Amino acid sequence: FKWQDFADKINGELIGTLGNFVHRVLTFTYERMDGVVPRPGELDQRSKEMLDECCNIVERFKRCVEACEFREGLKEILHLAQEGNKYLNEKSPWRNLEEAPRTMYVLIQVIHALAVIMSPYLPFTSQKLIEYLNIDKKVDELRWSDVEKTLLPGHKIKEPKPLFKKIDEKDIKDKIKKLEEIKKSFS
1 FKWQDFADKI NGELIGTLGN FVHRVLTFTY ERMDGVVPRP GELDQRSKEM LDECCNIVER
61 FKRCVEACEF REGLKEILHL AQEGNKYLNE KSPWRNLEEA PRTMYVLIQV IHALAVIMSP
121 YLPFTSQKLI EYLNIDKKVD ELRWSDVEKT LLPGHKIKEP KPLFKKIDEK DIKDKIKKLE
181 EIKKSFS
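Each residue of the sequence shown is one higher than the one before, starting from 1 at the first, in this note's numbering.
Note that these hints are calculated values from the structure, not bench results. These figures come from a predicted structure and were not determined experimentally. It cannot be assumed that every hint is accurate.
Derived lysine-lysine pairs resembling BS3-like cross-links, with alpha carbons at most 25 Å apart [as the list claims (entries may be wrong)]:
id: 1; residue 1: Lys75; residue 2: Lys128
id: 2; residue 1: Lys161; residue 2: Lys138
id: 3; residue 1: Lys128; residue 2: Lys166
id: 4; residue 1: Lys138; residue 2: Lys165
Just need the whole structure built from these sequences, with the hints factored in.
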């Protein structure tokens with residue numbers, strides 16, 4: 001185990017992929033859509049494909065967890081965030097304000113799915129996310145079937161904050177020092 005590898009994974013995959021995606025979508029929705037899930041209008045082909053891909057990834061995720069393939073399940077969570085990021089960048093709602101309601105509606109559904117499926121892995125983060133989405137549930141009340149529920153247009157979200165804190169060199173040194181102190185206490 002190498003602390004720097006750990007920090008790189010957290011900062012790159014968890015923060016860079018998942019945290020950044022969620023924060024971009026929720027912040028845009030909160031600031032540009034008045035914190036309300038927008039009416040999407042008719043979904044275009046790419047938006048339908050994104051929602052279908054979300055459902056497919058969730059199904060693969062469920063199979064992984066049910067087969068106790070937890071590492072593969074985690075990969076599916078990150079894959080969903082990557083696909084969401086890809087869709088967000090393709091649609092560029094900050095440049096295409098006419099299409100922005102459709103884009104953000106789709107991405108809010110993706111984030112809702114992420115909140116549910118990541119709950120076994122990151123329960124505290126999942127709880128924060130369902131609070132930002134203004135869902136009146138506790139993380140331990142979430143069920144797989146909640147993924148199928150849609151956050152309807154008009155649903156109000158709360159002001160988002162970053163989900164994760166970046167791990168820096170000082171954090172690593174502090175953790176190592178703390179572990180060394182614990183180790184000494186057992187000697």
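Outcome of the hint check:
1. The straight-line distance between the Cα atoms of lysine 75 and lysine 128 is roughly 21 Å, inside the 25 Å bound, and the hint therefore holds.
2. For the proposed pair lysine 161 and lysine 138, the alpha carbon gap of about 18 Å is at most 25 Å, so the pair holds.
3. Using a Cα cut-off of 25 Å, the hinted pair lysine 128 and lysine 166 holds, with the two alpha carbons roughly 17 Å apart.
4. Among the hinted pairs, lysine 138 with lysine 165 is consistent with the structure: their alpha-carbon atoms are about 22 Å apart, no more than 25 Å.
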